[in-house]
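Student: Required output: the full structure, derived from the provided sequences and hints.
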Amino acid sequence: MSGTLQRTVIGQGAAMNEQKTQHWADAVASEVAAGGRPPVISTGISPSGEIHIGNMREVLTADAVYRALNDLGVATGFHFVADNFDPLRKVSPFLDRETYAPLVGRPLSEIPCPCGEHESYAAHFLEPFLESLGKLHVHVDVVRADELYKSGRMNQRIVTALQRRDVIVAILKELTGKDMGDDWSPFVPMCNACGRMNGTRVTGFDGGQETVDFTCKCGAAGTLPMAGGGKLQWRIDWPARWLTLGVTVEPFGKDHSTRGGSYDTGIRIAREVFEYEPPHPIPYEWISLKGQGDMSSSKGNVLSIGHMLKVVPPEVLRYMVMRAKPVKTIKFDPGRPLAQLVDQVDDATAKGRDERAMELSRAAGFEPVGVPYKHLVMVAQVARFDLDRVMEILERTGYPGVSRTAVADRLEYASHWLAEFAPEEEKYTVQERLPEEAAGLTEDQRRFLSLLAAGLNDGMEGAAIHDLIYHVSEQFEGTPPAELFQAIYLSLLGKARGPRAGSFIAILGPGFCKGRFAEAAG
RNA sequence: GGGCCGUUAGCUCAGGUGGUAGAGCACCAGCCUUUUAAGCUGAGGGUCGCUGGUUCAAGUCCAGCACGGCUCACCA
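The first sequence begins at 682 in our numbering and counts up one residue at a time.
Hint data in this document are derived by calculation from the structure and do not stem from the laboratory. A couple of the hints might just be wrong.
As the list claims (entries may be wrong) - For each label pair, taking beta carbons as the anchor points, the in silico distance ranges come out as:
no., residue 1, residue 2, range
1, 941, 822, 30 to 36 Å
2, 1106, 1008, 32 to 38 Å
3, 703, 797, 48 to 54 Å
4, 1100, 1139, 31 to 37 Å
As the list claims (entries may be wrong) - With a straight-line cut-off of 30 Å between C-alpha atoms, the simulated DSSO-like cross-links for lysine-lysine are:
no., residue 1, residue 2
5, 898, 854
6, 1055, 1006
7, 1032, 1012
8, 1006, 816
9, 991, 935
10, 1108, 1055
11, 935, 859
12, 991, 854
13, 1055, 1012
14, 1006, 1108
15, 1195, 1176
16, 816, 1108
17, 854, 1055
18, 816, 1055
19, 991, 816
20, 898, 831
21, 1176, 1055
22, 1012, 991
23, 854, 935
Glycine included, every Cβ here is placed at the ideal spot set by N, Cα and C.
Tutor: See the structure below:
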């Protein structure tokens, strides 16, 4: 306590509070900046399936550090490696078995697109992802693994790995306890006859000519150029890439961070084989879907980034990642909690928001609306997403002068959210005809509606209708007001609850409601 | 079997270098001339997983245990 007092005096209140706990990205950034090497952040994803918001965390985690380093005034490299030269490992459920079973073992960059509209299988998943990155304002140099290999930039790494094959085997044996076997090679050739990587074997190599000799289970054999003739095994590929790209910081999923995992072996291989100091690690946790566990395509619970970018602005997705420490699991709930998150991002005065995380969440063109999201969602539904009517209602409900473009923008998101993720209580639909639910109205409720209908006239304003409702309800001493209101909502919405009755009726049109209430009264 | 992470109010989580706990949401109450909405104000609510240890003092350090989750075993 005494320490806090001292700091408060020195730090002058609010400014000090912000510095009280440093944001994780700033902590990593200052550590990396002090490391002596020019910072180069790397990140990578294998485009073997739909790239979802779980994968997004990796890139945003890297981007946070990238921005934090920029804020420190440190020039930083930032690239994204698409592992499109990895072989297809299995025929996923969403693929046509006939077509893809024979393609297992061939690189993702070399096999056809599932939908036929992209130039390869890898591109099919990569392109929408890169498009989403643009919207998220992640500005990263994209490095495609197939191009990296085909360009020859990995050749020297391949030569080194083949020459020091025994050192690598010893390291893997020591850290993983596994024997590699006599015919094991750090290089995986791609058969020039059948195009597959899963049945080939290295039989020799020429470091000077940069070629590799191979045999394949398809019966082929021959000599391949190192450039594009295959790739390094993942555990060697990763540290090799660190050296080639000069990587000094890299976030990776917890699957790599376990003891004996690929980062563990990568450290040793980097130092002892490639003579390179491994990058600063940022292990991160998965994003799980509320109630459904981790996202995975086999579970069918994948939410793609492009999909979620239709539901909330990019700033909201960014903020979700920025405010959580990488080691913490993010439980993603696209229902009401996501809507609350929208308010935190929209409202600069929102309590409990993390300002630094907010800064790191900036994308482009975000214009705050200044209307609580729940309210906006309700108004949008009453107005059936008609922008003019929405603006008119907002004007009347205590939010005058809000930006029309900002509202229009937010309505677009709200409609998607309502359609897919909003809880039922948040949804209202004015029924075209008298809802079935109105059949169960009590005698009192019917009489109430009848009297209400009699008092309604076109042109009445919300306040007048409001007064009318209460005036009429006074005649029903024995019936709780709640029941009377239910009659209104049941006959309009088919639900027991709804928006504030007076203005709601005014918006719908007193004439329309007059007829509806009379009909419901029977 | 190895390893990692988590376990703080109903929920989601904050809690640099140890000094008997906080924020948002939810909930409840009051106010706004009288909805079950929105808004404003306020209240309640926690033996900080368990057990020991170090200490004048531990959510905060150490050890062990329990529960939960995850990950690795050269198919990331």
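Student: Is the Cα-Cα distance between residue 1055 and residue 1006 30 Å or less?
Tutor: Holds - the C-alpha atoms of residue 1006 and residue 1055 are around 28 Å apart, at most 30 Å.
Student: Between residue 1006 and residue 816, is the straight-line Cα distance small enough, at 30 Å or below?
Tutor: Measuring from Cα to Cα gives roughly 23 Å; hence the hint holds.
Student: Check the hint pairing residue 854 with residue 1055 against an upper bound of 30 Å on the C-alpha distance.
Tutor: With a Cα-Cα distance of about 58 Å, the restraint between residue 854 and residue 1055 is violated, given a limit of 30 Å.
Student: Is 30 to 36 Å a correct range for the gap between the Cβ atoms of residue 941 and residue 822?
Tutor: holds (32 Å)
Student: Is the straight-line distance between the alpha-carbon of residue 1055 and that of residue 1012 30 Å or less?
Tutor: holds (21 Å)
Student: Confirm or reject the claim that residue 1106 and residue 1008 have a C-beta distance inside 32 to 38 Å.
Tutor: Between residue 1106 and residue 1008, where Cβ atoms are some 35 Å apart, the hint holds.
Student: Keeping to a limit of 30 Å between CA atoms, is the pair of residue 991 and residue 935 held or broken?
Tutor: holds (29 Å)
Student: Take the C-alpha atoms of residue 816 and residue 1108, compute the straight-line distance between them, and say whether it is at most 30 Å.
Tutor: Roughly 28 Å between the alpha carbons, so the hint for residue 816 and residue 1108 holds.
Student: Need the status of pair residue 1006, residue 1108: alpha-carbon distance at most 30 Å?
Tutor: Given that 30 Å is the threshold and the Cα spacing comes to 34 Å, the pair is violated.
Student: Are the Cα positions of residue 816 and residue 1055 separated by 30 Å at most?
Tutor: The given pair, whose Cα atoms are some 25 Å apart, holds under the 30 Å limit.
Student: Assess, step by step, whether the Cα of residue 898 is no farther than 30 Å from the Cα of residue 854, and give holds or violated.
Tutor: The given pair, whose Cα atoms are some 26 Å apart, holds under the 30 Å limit.
Student: Taking only the CA atoms, is the gap from residue 935 to residue 859 under or equal to 30 Å?
Tutor: The given pair, whose Cα atoms are some 21 Å apart, holds under the 30 Å limit.
Of the numbered hints listed earlier, those contradicted by the structure are 12, 14, 17.
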